[in-house]
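Peer 1: If you read the protein sequences in the order shown, they are chains A and B. Every letter in the first sequence is one number past the one before it in our numbering, and letter 99, counting from 1, is 99. Every letter in the second sequence is one number past the one before it in our numbering, and letter 21, counting from 1, is 21.
FYI, nobody ran anything at the bench for these hints, they're computed from the structure. This structure is a prediction, so every number in the text was calculated from the model and none was measured. Hints may be right or wrong, so weigh each one.
Identical copies look the same in the list; a pair holds intra-copy or inter-copy alike.
Stated by the list, open to error - Listed next, the in silico DMTMM-like pairs over lysine to aspartate or glutamate satisfying Cα-Cα at most 20 Å (straight line): (1) 140 <-> 243; (2) 140 <-> 9; (3) 233 <-> 167; (4) 46 <-> 148; (5) 140 <-> 217; (6) 140 <-> 270; (7) 46 <-> 88.
2 protein chains.
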Amino acid sequence: MRVIETIAELQTLSDRERASGATIALVPTMGALHGGHLSLVDEAHKRADRVWVSIFVNPAQFDDTSDLSGYPRSLDNDLERCRAAGVDVVFTPASDEMYPAADPTWVEPGEIAQFLCGRSRPGHFRGVATIVAKLLLAAKPHYAVFGEKDFQQLVVIRRMVCNLGFDLQILGGAIVREPDGLALSSRNAKLHPQARRQATALVRALDAAQSALESGERDALRLLHSVTAEIAKAPLARIDYAELCDPHTLEPAPARLRDSTLLALAVFFDPPAGVEGDAVRLIDNRVLQLRSDSHDADRPRD
Amino acid sequence: MRVIETIAELQTLSDRERASGATIALVPTMGALHGGHLSLVDEAHKRADRVWVSIFVNPAQFDDTSDLSGYPRSLDNDLERCRAAGVDVVFTPASDEMYPAADPTWVEPGEIAQFLCGRSRPGHFRGVATIVAKLLLAAKPHYAVFGEKDFQQLVVIRRMVCNLGFDLQILGGAIVREPDGLALSSRNAKLHPQARRQATALVRALDAAQSALESGERDALRLLHSVTAEIAKAPLARIDYAELCDPHTLEPAPARLRDSTLLALAVFFDPPAGVEGDAVRLIDNRVLQLRSDSHDADRPRD
Chain A
1 MRVIETIAEL QTLSDRERAS GATIALVPTM GALHGGHLSL VDEAHKRADR VWVSIFVNPA
61 QFDDTSDLSG YPRSLDNDLE RCRAAGVDVV FTPASDEMYP AADPTWVEPG EIAQFLCGRS
121 RPGHFRGVAT IVAKLLLAAK PHYAVFGEKD FQQLVVIRRM VCNLGFDLQI LGGAIVREPD
181 GLALSSRNAK LHPQARRQAT ALVRALDAAQ SALESGERDA LRLLHSVTAE IAKAPLARID
241 YAELCDPHTL EPAPARLRDS TLLALAVFFD PPAGVEGDAV RLIDNRVLQL RSDSHDADRP
301 RD
Chain B
1 MRVIETIAEL QTLSDRERAS GATIALVPTM GALHGGHLSL VDEAHKRADR VWVSIFVNPA
61 QFDDTSDLSG YPRSLDNDLE RCRAAGVDVV FTPASDEMYP AADPTWVEPG EIAQFLCGRS
121 RPGHFRGVAT IVAKLLLAAK PHYAVFGEKD FQQLVVIRRM VCNLGFDLQI LGGAIVREPD
181 GLALSSRNAK LHPQARRQAT ALVRALDAAQ SALESGERDA LRLLHSVTAE IAKAPLARID
241 YAELCDPHTL EPAPARLRDS TLLALAVFFD PPAGVEGDAV RLIDNRVLQL RSDSHDADRP
301 RD
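Using the sequences and the hints, build the whole thing.
Peer 2: Written as C-alpha cells, this is what we have:
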C-alpha cells in the first residue's frame with residue numbers, strides 16, 4: 001500500500017493506471033475509519049481494479065471551529081485498517097496542498113444544498129463540494145464511493161458531478177449499523193455512555209415511520225408525529241430537524257405522500273445534567289418505500 | 001477534423017489519446033473566430049500533439065441579455081477556419097449539454113474576480129470559471145490556451161486551475177492587433193465605422209503610458225492621467241475603467257509604481273450622434289515593465 005501526500009504524485013499514478021487499463025475507485029474520508037468506511041472500501045473493490053482512500057479533515061466544511069478541533073484523528077490506526085482492507089493507495093494531503101491560495105475558489109452546489117443540513121450548517125456543503133471536486137481532480141478515478149448515511153452529501157455530490165461533467169460515476173454505500181441499530185459515525189465515540197444508549201432513538205424513529213407507512217399512513221404530518229414522539233422518549237435528545245422530502249431534489253414532500261420519500265433526521269444529544277461536554281449531533285435517514293400495491297392515483301416515479 | 005457535440009464522446013476520445021501517449025491542447029472559444037483565436041491555435045500546435053477547439057457561446061457569462069443575443073455567431077465559417085488551421089477536433093455542445101440541470105453548480109472564483117471587469121460585469125467571471133471548468137473536465141487536455149487580451153479572465157482561470165488542482169497547464173497567448181493597433185476582438189465588427197477609427201485610442205493610451213514610464217514617470221495617478229487624456233481625444237469613447245494593478249493578484253498598484261504593472265482598460269464606444277445602435281465595450285491591456293536599470297529601492301519581484 002502506497003501513502004501519497006501530493007496531488008501531483010497522485011495524478012501521475014492515476015495517469016499510469018488509466019493508461020494500463022486499470023480502473024480506480026476513490027473512497028474519500030475524513031479518517032477515524034470505522035466499519036461504515038470499510039463497507040465503502042468493499043463496495044469499491046467490487047467495482048474497480050484499484051481502491052484508493054483519501055484521508056483529509058476538510059476545514060472548509062466545518063461551520064463550527066470547536067467541531068473541527070475536536071474531530072477525531074487516528075492516522076496510524078486508519079492506515080492499518082486500510083492495509084488490512086486491501087487498499088492500494090492512501091492519499092493524505094496536508095491542508096495547504098488542498099487549499100494553496102489565500103483567495104480560494106469555491107464550488108457552490110446551488111439550491112439543493114439549502115435544505116436539511118444546509119439550513120443548520122451554513123457553508124457546509126460549499127466546503128464539501130469544493131473538497132470533493134479537488135479530490136476527484138487529484139485522483140481522476142472511474143468511481144467515487146460515498147455513504148448513504150450522509151444522504152444530502154451524496155445527493156449534492158451527484159448533482160455537482162452531473163452539472164460540472166466529471167467523467168466518473170458516484171456510488172452510494174448502504175448505512176452500516178451497530179448491533180442495536182445506531183448508524184456508524186465517527187461522532188458516536190464522543191457520546192456520553194448515557195447518550196449513547198439513548199441514541200438508538202434515531203433508528204427507532206425511522207422504524208416507526210416505516211411501520212406507520214406500512215399500516216397505510218400517507219399523511220406527512222401524522223407520519224412525522226410518530227417520528228418525533230419516538231425521539232422524545234430519549235430525554236437527552238434535541239431535534240435539529242426531522243423532515244420528509246423528495247430523495248432526488250430534497251424538496252419537501254407533499255402533505256399526502258405519493259412516491260418514495262426520504263425521512264431525514266438530525267438530532268443533538270446533550271450530556272446528562274451536571275456533566276461537562278458538548279452536545280453531539282447525529283444524523284440518520286431512510287428512503288421510505290410506499291407499498292407497491294398502493295392504490296394511490298399518482299404512481300411512484302422510481 | 002472531427003466535430004463532436006457531446007461531453008461523453010469527447011471524454012472517450014481524450015482517454016484514447018492520453019492512453020496512446022498523445023498530448024492535447026484545448027483552445028476554448030465562443031466562436032466568431034479571428035486572427036487572435038488562430039494565434040492561440042498556433043500556440044497550441046507548438047505545445048501539443050492534438051489541437052482541440054471548443055465553440056460555445058456561454059450564456060452564464062453574459063450579464064446583459066442583449067449582449068448575448070447580439071453576440072456574433074458564424075459556425076460554418078468557424079469550422080472552415082479550424083480545418084484550415086489544422087485543428088483535430090471542434091467541440092460544439094448545445095446549451096443543455098453544458099448546463100444540464102435547472103439547479104446549476106457554480107465555480108466561484110473568489111476576490112480576484114471582484115476587480116476590473118468584475119465590477120462592471122457582475123457574475124461574469126463566475127460564468128467564465130464555471131464554463132471553463134466544465135470544458136476542462138470534458139476535454140481533459142494537457143494544456144488550455146487563452147488570449148492575454150482578456151487578461152483578467154486568464155488570471156482568474158490560472159487561479160481556479162491552481163486552487164482546484166486541475167492536472168493541466170494554462171498557456172497565455174499574446175494579443176494580436178490590426179495594422180492600426182486595435183486588438184482583435186469579435187466585438188470590433190459591431191463598431192460604427194467612425195467608432196472603429198477612434199478605437200485606436202486604446203492602444204495609443206497604452207503606448208502613452210509605456211512612454212511616460214520609459215521617461216521615468218513612477219507616479220500612478222500622473223501615469224493614468226496620460227492614459228485618460230489619450231482616450232479623451234476620441235469623442236465617441238466613454239471610459240468604463242482605466243486601472244493600474246498587480247498582474248498576479250489584480251490588486252490596485254501602489255501610488256508609486258515599483259514592479260511590473262498591469263494597465264487595464266475598458267472603454268465604451270458609442271455610435272455617432274443621430275445613429276441608432278448599442279455602445280460597444282472594448283478592452284485592452286499591457287503589462288508595463290519598469291526599466292531593468294531602475295534605481296528604486298524595491299526591486300521587481302519578477
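Peer 1: Take the hints in turn and mark each one as holding or not.
Peer 2: Each hint tested on the structure:
Within a single copy, residue 140 and residue 243 get their C-alpha atoms no closer than 35 Å, and across copies no closer than 40 Å, so neither meets the 20 Å cut-off. For the homomeric pair residue 140 and residue 9, the shortest alpha-carbon distances inside one copy (12 Å) and between copies (18 Å) are both at most 20 Å. For the identical chains of this complex, residue 233 and residue 167 are neighbours neither inside a copy (47 Å) nor across copies (53 Å), given an alpha-carbon limit of 20 Å. Taking identical chains as interchangeable, the C-alpha atoms of residue 46 and residue 148 lie at most 20 Å apart only when both belong to the same chain, with a minimum of 17 Å there against 47 Å between chains.
Taking the shortest Cα distances, residue 140 and residue 217 never come within 20 Å of each other, neither inside one copy (46 Å) nor across copies (50 Å). Taking the shortest alpha-carbon separations for residue 140 and residue 270, neither the intra-copy value of 41 Å nor the inter-copy value of 49 Å comes in at or below 20 Å. Taking identical chains as interchangeable, the C-alpha atoms of residue 46 and residue 88 lie at most 20 Å apart only when both belong to the same chain, with a minimum of 14 Å there against 38 Å between chains.
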